[in-house]
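As given, the protein sequences belong to chains A and B, one line each in that order.
Using the numbering used here, the final residue of the first sequence is 264, and nothing's skipped along the way.
Using the numbering used here, the final residue of the second sequence is 264, and nothing's skipped along the way.
Hints listed in this document are in silico derivations from the structure and should not be mistaken for laboratory results.
Some clues are possibly wrong.
As the list makes no split between identical chains, a pair holds if one copy fits it or if it spans any two.
[Said to hold, decoys possible] When the alpha-carbon atoms are kept at most 30 Å apart in a straight line, the in silico BS3-like pairs for lysine-lysine are as follows:
#	residue 1	residue 2
1	Lys-73	Lys-230
2	Lys-88	Lys-172
3	Lys-120	Lys-172
4	Lys-214	Lys-242
5	Lys-95	Lys-172
6	Lys-111	Lys-230
7	Lys-172	Lys-136
8	Lys-73	Lys-193
2 protein chains.
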Amino acid sequence: MASVLTEELVKNGAEVFTCVEGRSDFTRNLALERNVNTVYTNELLAQKVDIIISAVTPSVAIDSAVSIGTNFKGAYVDINNISPEVVKSALQHIKQGKAVDAAIIGSVNRKKVQILASGKHAPEFAQLNDFGLNIKIIGTEIGQASGIKMLRSSYTKGVSALLWETFYAAYKMGVDEELFDVIGNTEGSEFEKSAISRIISTAFHASRRQEEMKEVKLALSLSQDPILAKSTERKFHEIAQKLKKLDKKPDNYREAFLLWEKEI
Amino acid sequence: MASVLTEELVKNGAEVFTCVEGRSDFTRNLALERNVNTVYTNELLAQKVDIIISAVTPSVAIDSAVSIGTNFKGAYVDINNISPEVVKSALQHIKQGKAVDAAIIGSVNRKKVQILASGKHAPEFAQLNDFGLNIKIIGTEIGQASGIKMLRSSYTKGVSALLWETFYAAYKMGVDEELFDVIGNTEGSEFEKSAISRIISTAFHASRRQEEMKEVKLALSLSQDPILAKSTERKFHEIAQKLKKLDKKPDNYREAFLLWEKEI
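All chains, please: the whole structure from these sequences, using the hints.
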């Protein structure tokens, strides 16, 4: 994620710094090649820049905010794939800085990936739209941007799990092709293509999606018993258990179902 | 359901009979008004017609087949909203007749409602396309037409339950409108309209949908543990318990959520 954003920012003339503390020589060289300045501690980073974007492994999102310390006065943007509650925990360590909640929507490899931002300092981060990013401010509260990302996941991942369950039954009954037609009649002409792509990528990413559903479940449970989110997680778990050794995407959805059956 | 099909058939010149055994005077008069011939037992009906369409309360679908008896030699079409296994149980009572599995797809009130038919005698039923019906033969086996109806329900009702859970959370977080936009970006421009309509009708029909999910669950459990179907049923149950006294559709989705909260 970080490297896609960096590439865009550098290309558009922004001066970009990264902290390479504990990173491999490969990563350090990559930074140099891409015209990214390197510093060796987060404290030094905080002295150099106006905006810090935290794009790290979800499990260290809070550590990352802590390490920036309390002296940083610029904008600190948490763009990690974590639930709103964890974003809030992380950002409370940014005592003097301008905390911003941000979330990447959809695939980061898509052209001009959409970034949502919230919090009263979101406009500071949105200045980076002048440097090629595609940031949309969606609210004044921390937790809204990451919350929308979680809720979008709740819907899209739930649909994927539902498609798996429904079309696996159809496949076993020999009516899968007919079912695409029948549902497509009301859901629109794109239904079949999009459903097939979701079934195939569920086979391949079930394990990662199961992990992501834990954060989704957490976000939803603030307002209700997340019945569907729980069962979506369980469905991914069931799929992942049997398909854990997949080293490439199946060629088509029937192959995905066949591989899955073999493991039962 | 029966009256919509009847109207179309009579309008297009078919000679239609119905059995009024045990029906009210109102129903009998309605039949007369609509140029439908009446007989007083299913046995008499079986002597008069070439095609019998069973469109009854799901719980009496099997009794209906039994009462036609073993002497009927025409086409017997089970078009009831029941799972494939129950269709098979009903149709095994049609010893000499030509059994057909049929299913209405979507709302019966839509113009030219789509009817799917399966079984090797489906073409006999499809002759009624000459009398204004819209029948599509989708396979040669009993259980396929009713199966597709169940699987379509699995998907569409699952999506409705998922929309309820996801957008209720969004509503509580104050990001519901943004979420329609963000999901609509990838799901298409019709997403918001269709999602809102599904949330509202879920509030109104939750109890009926919960009942229908029992048949769906049954159909899916032949091939797998229907994790999503079970949780969809539970979600409808949870909604229905709190909204059972609704006597009209809510005006908008926020009203649906508000009414629901009041009952918590």
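Hints, verified against the model:
Taking the closest pair of Cα atoms, Lys-73 and Lys-230 never come within 30 Å of each other, the shortest separation being 40 Å inside a single copy and 51 Å across copies. Taking identical chains as interchangeable, the C-alpha atoms of Lys-88 and Lys-172 lie at most 30 Å apart only when they sit on different chains, with a minimum of 17 Å there against 46 Å within one chain. Taking the closest pair of Cα atoms, Lys-120 and Lys-172 come within 30 Å of each other only across two copies (20 Å); inside a single copy the shortest separation is 53 Å, beyond that limit. Proximity of Lys-214 to Lys-242 under the C-alpha cut-off of 30 Å is found in both arrangements, the shortest distances being 19 Å within a copy and 27 Å between copies.
In this homomeric assembly, Lys-95 and Lys-172 come within 30 Å of each other (Cα to Cα) only across copies, at 28 Å, whereas the closest approach inside a single copy is 57 Å. In this assembly of identical chains, Lys-111 and Lys-230 lie within 30 Å of each other by CA distance neither inside one copy nor across copies; the values are 32 Å within and 39 Å between. Taking CA atoms no more than 30 Å apart as the test, Lys-172 paired with Lys-136 passes between copies only; the shortest distance there is 21 Å, against 44 Å inside one copy. Within a single copy, Lys-73 and Lys-193 get their C-alpha atoms no closer than 48 Å, and across copies no closer than 44 Å, so neither meets the 30 Å cut-off.
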